[in-house]
Amino acid sequence: MGGGGDERGEWEAAVRVEVGVGGWWDDPDGDELRARFKAFTGQRRDWPQPKLLFWKGLLLRVARRLRLCSAPARLVLGVWFARPGGLTPLCLPQVLEEMRADGEILLKSELIDPTTGSLYQLVRRMSQMAVISKQPIAQDDILVFKSLIEGVKFSLMAAQVPAVSKLDHNTLHLILTEEKLQQQLDVLDRQWQISRRRALVSFKSGDKQSAYRYVRQSKLFSESRKRFTPLLERVEEVISLIASAETTKKVNEAIKVSIQAMNEHHVSVEEVNEHLKEVDDLVATQREIDAALGSVILQSMDSEENIEEEFMKLEAELQDEFPHVQEDPVSHANEEFPNDEDVDSLSNNLSNIKLEAI
0 MGGGGDERGE
10 WEAAVRVEVG
20 VGGWWDDPDG
30 DELRARFKAF
40 TGQRRDWPQP
50 KLLFWKGLLL
60 RVARRLRLCS
70 APARLVLGVW
80 FARPGGLTPL
90 CLPQVLEEMR
100 ADGEILLKSE
110 LIDPTTGSLY
120 QLVRRMSQMA
130 VISKQPIAQD
140 DILVFKSLIE
150 GVKFSLMAAQ
160 VPAVSKLDHN
170 TLHLILTEEK
180 LQQQLDVLDR
190 QWQISRRRAL
200 VSFKSGDKQS
210 AYRYVRQSKL
220 FSESRKRFTP
230 LLERVEEVIS
240 LIASAETTKK
250 VNEAIKVSIQ
260 AMNEHHVSVE
270 EVNEHLKEVD
280 DLVATQREID
290 AALGSVILQS
300 MDSEENIEEE
310 FMKLEAELQD
320 EFPHVQEDPV
330 SHANEEFPND
340 EDVDSLSNNL
350 SNIKLEAI
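Position one of the sequence shown corresponds to residue 0 (numbering that gives the first Met the number 0), numbered consecutively onward.
The set of hints was computed from the structure by calculation and includes no laboratory data. Please note that a few of the clues may not be correct.
Straight line, CA to CA, 30 Å or less: simulated DSBU-like cross-link-like pairs of lysine-lysine [stated by the list, open to error]:
#: 1; residue 1: Lys145; residue 2: Lys55
#: 2; residue 1: Lys207; residue 2: Lys165
#: 3; residue 1: Lys50; residue 2: Lys37
#: 4; residue 1: Lys218; residue 2: Lys207
#: 5; residue 1: Lys225; residue 2: Lys207
#: 6; residue 1: Lys152; residue 2: Lys165
#: 7; residue 1: Lys207; residue 2: Lys179
#: 8; residue 1: Lys107; residue 2: Lys152
#: 9; residue 1: Lys55; residue 2: Lys179
#: 10; residue 1: Lys248; residue 2: Lys207
#: 11; residue 1: Lys152; residue 2: Lys37
#: 12; residue 1: Lys179; residue 2: Lys225
#: 13; residue 1: Lys107; residue 2: Lys55
#: 14; residue 1: Lys248; residue 2: Lys152
#: 15; residue 1: Lys165; residue 2: Lys179
#: 16; residue 1: Lys248; residue 2: Lys165
#: 17; residue 1: Lys50; residue 2: Lys145
#: 18; residue 1: Lys37; residue 2: Lys145
#: 19; residue 1: Lys225; residue 2: Lys248
#: 20; residue 1: Lys165; residue 2: Lys218
#: 21; residue 1: Lys203; residue 2: Lys179
#: 22; residue 1: Lys55; residue 2: Lys152
#: 23; residue 1: Lys218; residue 2: Lys203
#: 24; residue 1: Lys145; residue 2: Lys207
#: 25; residue 1: Lys165; residue 2: Lys145
#: 26; residue 1: Lys225; residue 2: Lys203
Model the full assembly from the supplied sequences, consistent with the hints where possible.
This is the structure we're talking about:
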């Protein structure tokens, strides 16, 4: 970003909103402003924690309000929080170094390998952040605010990455929703399995009342799973439709390029068909291998099916033993599940999604 008047006004407005209504920000000679702008002294353990947290939070809130996930260090250090007379926070370089050491900000120069130009794996980068020493941040470097990054768009080929579109944002949010739903289903699966095992243990120990209660719990968890599974399937279906539309677009482009290349290199259609037949043969062979592996996996699942049969027998026995036992309300053990309004709202939003042709 440049340093034009409009942009400067935008920064100042964002900072003023996030600072709040306190009059200290507009009083350059006031004790509170000078105390907040003063550099940290002594060892790290001697730094005032409220002051450090104030600048960390203010920096991230301003970046979020400006809708920025990265910014030049020179602007953050010398422009964003500058007051009349050229007064800038002397503690800000130390705050940035601390945030970098804690993994809250990254440096663009560290994300790009200067020898190959390829993007480092972010997981590896995150694992190394804990051991980074506090080093001064160069004015010409780019600060990347990790907590403000929702996703990364990159090209798998040596080509320029297209600009982020509204479809990219929608797809990202759908993927995040899919992950949350899957996590919730995993929690329900664990609780269902735990209740089932406890029911078996209680029944074998002679505590039929507890066994019946655990059976009821497992039924409730099973019903919750049935409600979440179709919702997850709908999200996955929308994501699949988007991917198919994108693939169709790429296939059409590839066909055009292929026809042009065939004409330029005088390749006949017969030669292409011959190579395609070889590919089909390889695919058929791979499917046979996958089928053989699948039969082995099915055999390994016999024990799980036996457990299911045993559990169904237990449930039938308990219902015969206690046909008139009142259903106990089930505590979900501090697990948080979305209520009906959340599920209905998400379902309606998915129904209203309109996929446009690409």
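Hinted pair Lys225 and Lys248, Cα distance within 30 Å | It is violated: about 35 Å lies between the C-alpha atoms, which goes past 30 Å.
CA of Lys55 to CA of Lys179, is that 30 Å or under?
-> holds (28 Å)
Is the Cα-Cα distance between Lys248 and Lys165 30 Å or less?
-> holds (17 Å)
Quick one, are Lys225 and Lys203 close enough, alpha carbons at most 30 Å?
-> holds (29 Å)
Does the structure keep Lys50 and Lys145 at a Cα separation of 30 Å or less?
-> holds (21 Å)
Please work out if Lys218 and Lys207 have their alpha carbons no farther apart than 30 Å.
-> Satisfied, since the Cα-Cα distance of roughly 16 Å is no more than 30 Å.
Verify the proposed pairing of Lys225 with Lys207, using a straight-line Cα cut of 30 Å.
-> holds (27 Å)
Holds or violated: Lys152 with Lys37, Cα cutoff 30 Å?
-> Status violated; Cα separation ~39 Å.
Has the given pair, Lys218 with Lys203, been kept, meaning a C-alpha gap of at most 30 Å?
-> holds (19 Å)
Are the Cα atoms of Lys145 and Lys207 separated by 30 Å or less?
-> violated (53 Å)
Does the structure keep Lys145 and Lys55 at a Cα separation of 30 Å or less?
-> Status holds; Cα separation ~13 Å.
Given the hint that Lys50 pairs with Lys37, test it: the Cα-Cα distance must not exceed 30 Å.
-> Within the cut-off at roughly 10 Å; holds.
In this structure, the hints that do not hold are numbers 2, 7, 10, 11, 19, 20, 21, 24, in rising order.
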